[in-house]
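Asker: For reference, the chains in residue letters:
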Amino acid sequence: MSSEGFDVQYVARLAHLELGKDEASRFSGQLGDILKYMEKLRQLDVDGVEPTMHGHGRTNAFREDVPVQSVDQDLFLSNAPERTGDEYRLPKIVEDA
Amino acid sequence: MKYIATIGLETHVQLKTRTKMFCSCLLRTGDEPNTNVCPVCMGYPGALPVMNRQAVKFTVMAGMALGCDIPRRSAFDRKNYFYPDMAKDYQISQNGAPLCIGGGVEIALPDGSPKFVRINHIHLEEDAAKINHYARHSGIDFNRGGTPLMEIVGEPDLSSADETIAYLEALKELLVYVGVSDCNLEEGNMRSDVNISVRPEGQSALGTKVEIKNMNTFKGIHAAIEYEVARQIDLLNHGGAVVQETRRWDGELGETQSMRGKENAHDYRYFPEPDLVPVELDEETIAEWRAEVPELPRARRARMMSEYGLPEYDAGVIAADKACADFFEKAARAAAPVPGKTVSNWFMTEVLRLVGEGGGDISSCALAPEALAELLRLLDAGTINGPTAKELLPELFEKGGMPKAIVDARGLGQVSDASALQSLVDAAVAANPKSVADFKAGKKAAAGFFVGQVMKASKGKADPKLVGRLVAETLSKL
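Just so you know, the sequences run in chain order A and B.
Take the first sequence: its letters are residues -7 to 89, numbered as in the numbering used here.
Take the second sequence: its letters are residues 3 to 480, numbered as in the numbering used here.
Keep in mind that the hints were calculated from the coordinates and are not lab data.
Values in this document were obtained by computation on a predicted structure and should not be read as measured data.
Where is the CB? At the ideal position from N, CA and C, for every residue including glycine.
Careful, some of the hints might be misleading.
[Said to hold, decoys possible] Taking lysine to any residue and the SDA-like style, the derived pairs with C-alpha atoms no more than 20 Å apart in a straight line are: (1) K445/B / A433/B; (2) K174/B / P299/B; (3) K81/B / A4/A; (4) K81/B / K84/A; (5) K90/B / G24/A; (6) K84/A / K132/B; (7) K458/B / G415/B.
[Said to hold, decoys possible] So, partial list: chain A residues that the calculated Cβ filter (under 8 Å) puts toward chain B: (8) A4; (9) H8; (10) N52; (11) R55; (12) E56; (13) V60; (14) F68; (15) S70; (16) D78.
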């Protein structure tokens, strides 16, 4: 995506954000600058360089498949905006994702 | 006009680990809702995921069984979307560098010829929470959230509902065999998104595809494909066009329905997951995991036919289930020199019948393979007769134990002493003059009556062949 073709409102919609006109133009400029910087990086010759998968040098941070006691159900449900029985209550959803 | 259907599947398979993908919560179906949860699988801000090594291993072993390449490096990405089943608003998945690449499975076409169905790749991700629907509201249970989920992305190599089901059955058989998933369809262990398009015969470009989401029964998938292919052909035949969209299958109405308002759903804004470092597999680990992949059903069928002299049918039935095949092979090896076919006859008719009646499975019954082998050796050596063997089997199946000890303790050994049996034959002949007269008058079936009398008198323990011979000899001398 080039900085010219950048649609800040489209990205805001995907992120469930509502932007006012001022915000839209401010963020459009700021994000456009970031994209320009990416274009600058693209000028580097990276032939033969293996893509970096992570900024950290480590690999294989695993845990073993051993269960650990979960936290109390009521404690979690007390954080729910609304609960019904043992479940987090939602408005009725018609279609599953 | 004739049309060709093109079908491709994305199949999600829940792995059989004890704990979740990125946290140590227990995985167990049927528990009270929201009891196996923690800040990680509930998506609390700041909670950090830690990868379950067993889930990585299971995915790689599945890939090995499916003939995939296993890249040395693999990494995770965030797939961003908003839905209540994913509380942190992104799913940890793999987009750029999956664990397994390529591979495929062979299926049999209706005419018996083989077809290879290619797999594009297999990646590992976390399952979403379960949303339950009620009359006035919906509710979330996060117990399922974070279950390790392997997504097998197939190439669009399938051309009918039957082929699709054959592919899914082949996948299921392999994955259960390798032991990485139970593939229980009712429990949603295996769920597929089905992509379907049609094109006129002779046209090489694929038609516009429609995706049917989240199907878990083979029957439903079969019906949905048949319906959708017919719907698309009907549209094209009437001058219409297929719209690229996601549809859902309504099993009650027997039709697919458009799921509108999801036009932005495919822009997931993937980016590398910063909270997880990449997976790097060395040769040693890969070799170790490869050694744990068992011999697969097709190879096993062929070997069982040659090693035990089984007919193709027997080998097919027994090899299809790993626990059955393991049991049979242990029994057949311990039973030698009793022929494999004899073991297979008893296993398929008697043992599997008892398993079926008990409602359990072969691995949970008390019968040891060595006990079946010993029973058949006793029978083969003439120590016990067939009826006694058949009577002992249910007891061994229920209570366990070894047959020789029971036979010795209860004196169930077959009576093969000719002089002892001869006296029983003589007694039967003396007690039944009418049947003797019948025999003399030409009713040869009367001989069977005497055999029955002697077997009864011996409490079922007499060697039936020897009794038959003695009865025939005795009657012919009268």
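Asker: Work down the list of hints and note, for each, if the structure agrees.
Answerer: Now for the hints, and whether the structure bears them out:
Of the pairs offered as hints, the one joining K445/B and A433/B holds, with about 18 Å between alpha carbons and a cut-off of 20 Å not exceeded. At roughly 12 Å between alpha-carbon atoms, K174/B and P299/B fall within 20 Å of each other, so this suggested pair holds. For the suggested pair K81/B and A4/A, the alpha carbons sit about 16 Å apart, so the restraint of at most 20 Å is met. Between the alpha carbons of K81/B and K84/A the distance comes to roughly 25 Å, so the proposed pair goes past 20 Å and is violated.
Simply put, K90/B and G24/A have alpha-carbon atoms about 27 Å apart, too far for the 20 Å limit, and the pair is violated. Of the supplied pair hints, the one linking K84/A and K132/B holds, its CA atoms being roughly 14 Å apart against a limit of 20 Å. A hinted pair counts as satisfied when its Cα atoms are at most 20 Å apart, and K458/B with G415/B qualifies at roughly 15 Å. Here the hint on A4/A is broken, as its CB sits about 12 Å from the closest CB of chain B, past 8 Å.
Look at H8/A: its Cβ gets to within about 6 Å of chain B, closer than 8 Å, so that hint holds up. At a threshold of 8 Å, the smallest CB-CB gap from N52/A to chain B is about 6 Å, leaving the interface hint in force. Given the 8 Å rule on beta carbons, the hint for R55/A holds: about 5 Å separates it from the nearest Cβ of chain B. Annotation: interface hint on E56/A holds; nearest CB of chain B at approximately 6 Å, less than 8 Å.
With its C-beta approaching chain B no nearer than about 4 Å, V60/A sits inside the 8 Å limit, and its interface hint holds. The restraint placing F68/A at the interface with chain B holds, with a minimum CB-CB distance near 6 Å, inside the 8 Å limit. Annotation: S70/A was flagged as interfacial toward chain B, and the flag is violated, the nearest CB pair being 11 Å apart, outside 8 Å. Evaluation of the D78/A hint against chain B yields a held restraint, the C-beta minimum of about 4 Å falling below 8 Å.
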